[in-house]
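Residue-level listing of the chains:
2 protein chains.
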Amino acid sequence: MFTVFNAAPEGHWQVTLVKPYRGETLPAVGSIAIAQSAVLPSGNDWHLTGVASHVRYVERAEKIALTSVQAGLGRNEATQAALIPIRKSQAWWDLTQEERRQIFEDKSRHIADSMKYLPAIARQLYHCRDLGQPFDFLTWFEYAPENAAAFEDLVGHLRGTEEWRYVEHEVDIRLCRN
Amino acid sequence: MFTVFNAAPEGHWQVTLVKPYRGETLPAVGSIAIAQSAVLPSGNDWHLTGVASHVRYVERAEKIALTSVQAGLGRNEATQAALIPIRKSQAWWDLTQEERRQIFEDKSRHIADSMKYLPAIARQLYHCRDLGQPFDFLTWFEYAPENAAAFEDLVGHLRGTEEWRYVEHEVDIRLCRN
Chain E
3 MFTVFNAAPE GHWQVTLVKP YRGETLPAVG SIAIAQSAVL PSGNDWHLTG
53 VASHVRYVER AEKIALTSVQ AGLGRNEATQ AALIPIRKSQ AWWDLTQEER
103 RQIFEDKSRH IADSMKYLPA IARQLYHCRD LGQPFDFLTW FEYAPENAAA
153 FEDLVGHLRG TEEWRYVEHE VDIRLCRN
Chain Y
3 MFTVFNAAPE GHWQVTLVKP YRGETLPAVG SIAIAQSAVL PSGNDWHLTG
53 VASHVRYVER AEKIALTSVQ AGLGRNEATQ AALIPIRKSQ AWWDLTQEER
103 RQIFEDKSRH IADSMKYLPA IARQLYHCRD LGQPFDFLTW FEYAPENAAA
153 FEDLVGHLRG TEEWRYVEHE VDIRLCRN
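If you read the protein sequences in the order shown, they are chains E and Y. In this text, residue positions in the first sequence follow my numbering: the first is 3, and each later residue adds one. In this text, residue positions in the second sequence follow my numbering: the first is 3, and each later residue adds one.
Derived by calculation from the structure, the hints in this document are not laboratory data. Possibly wrong hints are sitting among the right ones.
You can't tell identical chains apart in this list, so a pair holds if it fits in one copy or across any two.
Straight-line alpha carbon distances no greater than 20 Å define the calculated EDC-like cross-link-like pairs of lysine to aspartate or glutamate that follow [claimed, not checked]: (1) LYS65 <-> GLU100; (2) LYS65 <-> GLU79; (3) LYS21 <-> GLU107; (4) LYS65 <-> ASP96; (5) LYS65 <-> GLU12; (6) LYS65 <-> ASP115; (7) LYS109 <-> GLU61.
Excised from the complex, chain E in its bound form (with noise of 0.2 Å):
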């Protein structure tokens, strides 16, 4: 199942901001609408997809200490978003699984420094690198406002790692709710 982050004028997520973080911009957009997909869209009208998949990097003992704390999607409070599609070099992916993981945590520690925003923002990761898509990672962010700035905290912390070298194009879209 595809999720898919339309256009639309309607859509139950307002745009506040569309601003290259690294590479080119995206084109405006007034509202997004986020849907599951049977198929993977095509046409020329404004739309991300990624497939939620399974998790690549972390550990048991992450994995089990992650789903203690984190939050869901869709709480009542979390009325602010951020949808930041991502892009890594070619030099990333021709890494191993083993050598990834290294830049991931064990220099980066891209898990246990984001820990500590859990569970105020709740975090969904869509894969789209095997889809032929722009972008390899579509990230999603939901918080309430007084979140906001330890958002912008944890994304200005993560863009400073040695992972972060390995981005190529990365646009931040903040959002809130309709």
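Chain E is fixed; fit chain Y onto it per the hints.
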């Protein structure tokens, strides 16, 4: 870019066998043509689609060893082929990466024990779990007729491993070049 195995009356590869190993079979098909496609095919005609993606389990030393010994597809003498679509169970995908690797290599020696069949058997793995397909992988092998017995030996060996306890759907398709 998607790799599509299409039923085709004039396909490059003539199908000599379609036989389920575990689970349901696939409809009989006369010939198969292999195509590259920028879009994910839809429609009800016989086709299987996958993506030649980055490696998931091999470590650096294994990658170097494999690269030094493996053969590419399309060798003149490799007139026989096998297309074996495989789906693993939810229990497999609920494992973490390091647990899957442990079963895949530490217990099942998937890489190490397959190495002796190289370069006689050329292989390519296509991923399709995240494409909404009925299989997780399409495995493709090409070999000369004199290596057909070695190939069946390899397949039989893998099916005896602990890794294969997680395979819940698998179909044997054997082909020869037209």
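Now the hints, each set against the structure:
1. LYS65 <-> GLU100: both (17 Å within a copy, 12 Å between copies)
2. LYS65 <-> GLU79: neither (25 Å within a copy, 48 Å between copies)
3. LYS21 <-> GLU107: neither (27 Å within a copy, 44 Å between copies)
4. LYS65 <-> ASP96: between (26 Å within a copy, 10 Å between copies)
5. LYS65 <-> GLU12: neither (36 Å within a copy, 50 Å between copies)
6. LYS65 <-> ASP115: For LYS65 and ASP115, the Cα distance is within 20 Å only inside one copy (14 Å; across copies 31 Å).
7. LYS109 <-> GLU61: Answer is both; intra-copy 15 Å and inter-copy 18 Å each pass.
Taken one by one, the earlier hints fail for this structure at numbers 2, 3 and 5, listed in ascending order.
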